[in-house]
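Whole structure, please, built from the sequences with the hints as guidance.
Chains as they are written, first to last, in this note's numbering: chain A, 1 to 474; chain B, 475 to 680.
One should not assume that every hint holds.
[What the hints assert, rightly or not] Calculated cross-link-like contacts (lysine to any residue; reagent style SDA-like; alpha-carbon spacing at most 25 Å): (1) B:K531 / B:G542; (2) B:K531 / B:A607; (3) B:K531 / A:A323; (4) B:K531 / A:T439; (5) B:K507 / A:F74; (6) B:K507 / A:G419; (7) B:K531 / A:E421; (8) B:K507 / A:P101; (9) B:K507 / A:T84; (10) B:K507 / A:R91; (11) B:K507 / A:P414; (12) B:K507 / A:R72; (13) B:K531 / A:R316; (14) B:K507 / A:D71; (15) B:K507 / A:D68; (16) B:K507 / A:A46; (17) B:K531 / B:G613; (18) B:K507 / A:T439; (19) B:K531 / B:E606; (20) B:K507 / A:R416; (21) B:K507 / A:T81; (22) B:K507 / A:S437; (23) B:K507 / B:V520; (24) B:K507 / A:E80.
[Claimed, not checked] A few chain B residues that face chain A, going by a derived Cβ cut-off under 10 Å, partial list only: (25) F511; (26) R642; (27) E649; (28) Y660; (29) V666.
Quick caveat, the hints were computed from the structure, so don't treat them as lab data.
The beta carbon of each residue, even a glycine, is placed where N, CA and C say it ideally should be.
One letter stands for each residue in the lines below.
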Amino acid sequence: MAGTLFDKIWDAHAVRRLPNGQTQLYVGLHLIHEVTTPQAFDMLAAREWRVRAPHRTFATIDHIVPTDTQDRPFVDVMAETMATALERNCRTHGIPLFDGPSGAQGIVHVIGPELGLTQPGMTIACGDSHTSTHGAFGTLAFGIGTSQVRDVLASQCVALSPLRVRRIEVNGELSPGVYAKDVILAIIRRLGVSGGTGFAYEYAGTTLAGMSMEERMTVCNMSIEGGARMGYVNPDATTVAYLAGRRFAPQDADFEAAAARWLSFASSPDATYADRVSYDAGSIAPTVTWGTHPGQSVGVDETLPDPRALDESERRSVEEALAFMQFRAGEPMAGRRVDVAFIGSCTNGRISDLREAAAVVRGRRIAPHMRALVVPGSQHVQRAAETEGLDEVFREAGFEWRGAGCSMCLAMNPDRLHGDEVCASSSNRNFKGRQGSPTGRTLLMSPAMVAAAALAGEVVDVRTWASTEERESR
Amino acid sequence: MASSVIERVTGRAVVLRGADIDTDRIMPARFLKAVSFEGLERHLFVDDRAAARGRGKTHPLDVPSAAGSRILVCNTNFGSGSSREHAPQALFRWGFRVILAESFAEIFAGNSLAIGLVCVTASPGNVANLMEALEQNSGASLTVDIRAETVSIAGQPDLPISLPAASRRAWLSGEWDVTGLLLEDYFEVERVEARLPYLRTTSRKA
Ligand code: SF4
Numbered sequence: 001m002a003g004t005l006f007d008k009i010w011d012a013h014a015v016r017r018l019p020n021g022q023t024q025l026y027v028g029l030h031l032i033h034e035v036t037t038p039q040a041f042d043m044l045a046a047r048e049w050r051v052r053a054p055h056r057t058f059a060t061i062d063h064i065v066p067t068d069t070q071d072r073p074f075v076d077v078m079a080e081t082m083a084t085a086l087e088r089n090c091r092t093h094g095i096p097l098f099d100g101p102s103g104a105q106g107i108v109h110v111i112g113p114e115l116g117l118t119q120p121g122m123t124i125a126c127g128d129s130h131t132s133t134h135g136a137f138g139t140l141a142f143g144i145g146t147s148q149v150r151d152v153l154a155s156q157c158v159a160l161s162p163l164r165v166r167r168i169e170v171n172g173e174l175s176p177g178v179y180a181k182d183v184i185l186a187i188i189r190r191l192g193v194s195g196g197t198g199f200a201y202e203y204a205g206t207t208l209a210g211m212s213m214e215e216r217m218t219v220c221n222m223s224i225e226g227g228a229r230m231g232y233v234n235p236d237a238t239t240v241a242y243l244a245g246r247r248f249a250p251q252d253a254d255f256e257a258a259a260a261r262w263l264s265f266a267s268s269p270d271a272t273y274a275d276r277v278s279y280d281a282g283s284i285a286p287t288v289t290w291g292t293h294p295g296q297s298v299g300v301d302e303t304l305p306d307p308r309a310l311d312e313s314e315r316r317s318v319e320e321a322l323a324f325m326q327f328r329a330g331e332p333m334a335g336r337r338v339d340v341a342f343i344g345s346c347t348n349g350r351i352s353d354l355r356e357a358a359a360v361v362r363g364r365r366i367a368p369h370m371r372a373l374v375v376p377g378s379q380h381v382q383r384a385a386e387t388e389g390l391d392e393v394f395r396e397a398g399f400e401w402r403g404a405g406c407s408m409c410l411a412m413n414p415d416r417l418h419g420d421e422v423c424a425s426s427s428n429r430n431f432k433g434r435q436g437s438p439t440g441r442t443l444l445m446s447p448a449m450v451a452a453a454a455l456a457g458e459v460v461d462v463r464t465w466a467s468t469e470e471r472e473s474r
Numbered sequence: 475m476a477s478s479v480i481e482r483v484t485g486r487a488v489v490l491r492g493a494d495i496d497t498d499r500i501m502p503a504r505f506l507k508a509v510s511f512e513g514l515e516r517h518l519f520v521d522d523r524a525a526a527r528g529r530g531k532t533h534p535l536d537v538p539s540a541a542g543s544r545i546l547v548c549n550t551n552f553g554s555g556s557s558r559e560h561a562p563q564a565l566f567r568w569g570f571r572v573i574l575a576e577s578f579a580e581i582f583a584g585n586s587l588a589i590g591l592v593c594v595t596a597s598p599g600n601v602a603n604l605m606e607a608l609e610q611n612s613g614a615s616l617t618v619d620i621r622a623e624t625v626s627i628a629g630q631p632d633l634p635i636s637l638p639a640a641s642r643r644a645w646l647s648g649e650w651d652v653t654g655l656l657l658e659d660y661f662e663v664e665r666v667e668a669r670l671p672y673l674r675t676t677s678r679k680a
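Listed below in structure tokens is the structure:
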């Protein structure tokens with residue numbers, strides 16, 4: 001088959017052209033959670049429609065769950081109401097729900113892949129912008145709003161206009177201390193937070209080829225922060241190996257056939273792209289955001305921008321962001337004091353993320369003024385980490401070890417910033433107010449960088465910090 | 475919400491300056507803790523408005539002439555970030571029927587289309603001129619004409635606007651609430667289902 005992965009999957013799922021010119025696209029997997037669906041189910045009920053494909057719909061509860069205890073009823077009455085509504089809707093329509101007692105609960109973008117629900121060649125929709133995460137498996141995965149959730153529930157289809165494909169190649173070896181998170185932050189830094197509007201991002205190159213599935217998920221996760229509704233990596237042997245034996249993946253003889261089909265979705269070598277950009281992995285440093293959107297970042301060894309050096313249009317937003325963050329133009333990124341550390345989220349709440357962070361904190365203590373939290377992305381991740389003893393490593397260092405959920409990524413549960421606290425966070429959004437306090441300040445970085453910041457009490461360069469600290473404590 | 479034809483919207487406008495205004499700012503997450511969209515308009519830009527008050531300023535939504543406005547004029551990448559439909563829902567319920575900006579984030583524009591909130595774009599220069607004119611005369615009325623693809627302030631020449639062809643067709647035909655369309659001739663959907671092997675081979679382990 002010729003063309004890009006985007007073209008191949010789009011064509012396989014296109015039902016027809018709608019009168020307004022959009023395409024009616026079949027949705028192969030619909031993932032739902034408690035925040036963006038209750039209104040959709042109500043709209044469905046109002047029109048007396050049923051759920052068309054309950055067996056292609058899977059639910060979890062992630063955004064509102066408290067992470068200190070998941071005991072029901074939740075202390076927060078509204079959270080309990082939302083959980084109850086989801087349970088009722090799933091029961092009424094026969095939709096499988098991965099809730100706390102199931103042992104498979106977690107952030108929707110963490111559990112889809114780990115259960116093997118996410119498979120190459122699928123179209124995947126979810127009422128959540130970070131649905132782009134699932135593109136790591138070579139899928140067309142995109143976020144939708146509540147009215148479109150209603151559409152998918154009712155018809156298993158959405159109305160969508162096709163996207164153009166931008167190929168983003170990253171080649172070479174990442175330096176030690178530089179992670180997938182830094183790669184995507186560097187991409188967004190250069191292409192901008194709206195540079196991806198109208199595009200699907202195809203991530204390729206030797207760096208991506210060498211990445212684990214979890215690393216690819218981190219990259220694809222933040223496509224939306226660059227304005228791209230979808231991001232994907234072509235399926236390869238790494239993809240196939242990850243899926244083998246997963247609960248919802250095809251088994252035995254079916255698996256062989258499925259694997260061959262999966263690989264056939266990869267963009268053909270002669271595919272044409274609307275645009276191409278490339279990066280040299282070796283030039284990417286640990287990257288930290290200093291502002292109020294994910295494009296406002298610098299390498300940890302750089303200084304903050306000086307608005308006076310910028311043109312009119314950019315100057316205003318840089319000035320505004322610096323003022324909100326209470327940072328001075330031109331000061332170094334390293335050394336900014338932090339109050340809170342958050343390790344978790346659908347970007348960096350997987351087992352490999354926790355391992356990377358644990359490797360930094362092992363045998364050390366967080367700075368005395370710090371509050372630090374580790375929130376596994378799913379119950380699976382939590383159990384895996386506990387089996388390896390990572391929970392102990394974090395606890396001994398002074399971190400709180402929590403249950404699975406979105407937690408302080410968007411603070412719809414009790415985990416939040418207070419006042420103008422500064423949070424080193426492994427999540428994906430540093431928008432004003434994102435972590436629960438209207439004046440709270442978020443610095444996005446990799447889990448290893450968050451871990452190092454927690455120990456130092458300020459932003460430090462994870463590449464050099466450990467050795468410096470040992471020298472000083474001698 | 476019944477689908478109806480939308481050709482032209484006239485009304486007073488609110489100017490909201492700033493690039494990359496994300497949906498977390500339009501509707502902070504704590505107000506997503508609800509099972510309906512009702513009453514969301516009360517929380518529209520609530521933190522930005524409080525922050526302005528804290529600095530002794532008045533947020534554009536809080537100036538007296540903002541009440542009853544139907545059009546919001548913004549800069550680039552409006553509605554970025556979270557896919558929460560709560561954001562366009564709150565704008566719509568507040569009374570806005572058109573958002574005119576230099577550019578939009580994609581999911582926001584899609585969500586708006588689904589609920590009858592018209593998103594149109596104009597060039598940076600024309601947006602800047604409009605903003606200035608509106609700020610000098612906050613009572614002025616704007617007309618956004620979707621058929622003619624123009625915007626005009628009372629008494630001044632038309633300026634060009636644009637919107638995706640699919641959205642324009644949807645507004646002018648009244649077919650912007652697409653669920654009904656998606657359910658029509660469902661045998662075509664079943665034909666697609668029949669050709670997708672993964673729908674048949676989904677086996678699961680206990
Ligand atoms: S972890 Fe954060 S970004 Fe991911 S789904 Fe949850 S709230 Fe959204």
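Each hint tested on the structure:
1. B:K531 / B:G542: 21 Å, holds
2. B:K531 / B:A607: 21 Å, holds
3. B:K531 / A:A323: Cα-Cα ~16 Å, so holds.
4. B:K531 / A:T439: 17 Å, holds
5. B:K507 / A:F74: Holds, because 13 Å separates the two Cα atoms, which is no more than 25 Å.
6. B:K507 / A:G419: Roughly 21 Å between the alpha carbons, so the hint for B:K507 and A:G419 holds.
7. B:K531 / A:E421: 24 Å, holds
8. B:K507 / A:P101: Judged against 25 Å, a Cα distance of about 22 Å means the pair holds.
9. B:K507 / A:T84: At roughly 13 Å apart (the allowed maximum being 25 Å), A:T84 and B:K507 satisfy the hint.
10. B:K507 / A:R91: 21 Å, holds
11. B:K507 / A:P414: 12 Å, holds
12. B:K507 / A:R72: 17 Å, holds
13. B:K531 / A:R316: Given that 25 Å is the threshold and the Cα spacing comes to 18 Å, the pair holds.
14. B:K507 / A:D71: 19 Å, holds
15. B:K507 / A:D68: 19 Å, holds
16. B:K507 / A:A46: Since the Cα atoms of B:K507 and A:A46 sit roughly 22 Å apart, the hinted pair holds (cutoff 25 Å).
17. B:K531 / B:G613: OK: B:K531 and B:G613 at ~20 Å, within 25 Å.
18. B:K507 / A:T439: Satisfied, since the Cα-Cα distance of roughly 20 Å is no more than 25 Å.
19. B:K531 / B:E606: Cα-Cα ~19 Å, so holds.
20. B:K507 / A:R416: 15 Å, holds
21. B:K507 / A:T81: Between B:K507 and A:T81 the Cα gap is close to 9 Å, so the pair holds against 25 Å.
22. B:K507 / A:S437: Given that 25 Å is the threshold and the Cα spacing comes to 16 Å, the pair holds.
23. B:K507 / B:V520: 15 Å, holds
24. B:K507 / A:E80: Cα-Cα ~10 Å, so holds.
25. F511: This interface hint holds because 6 Å falls under the 10 Å limit.
26. R642: 8 Å, holds
27. E649: 6 Å, holds
28. Y660: 8 Å, holds
29. V666: 5 Å, holds
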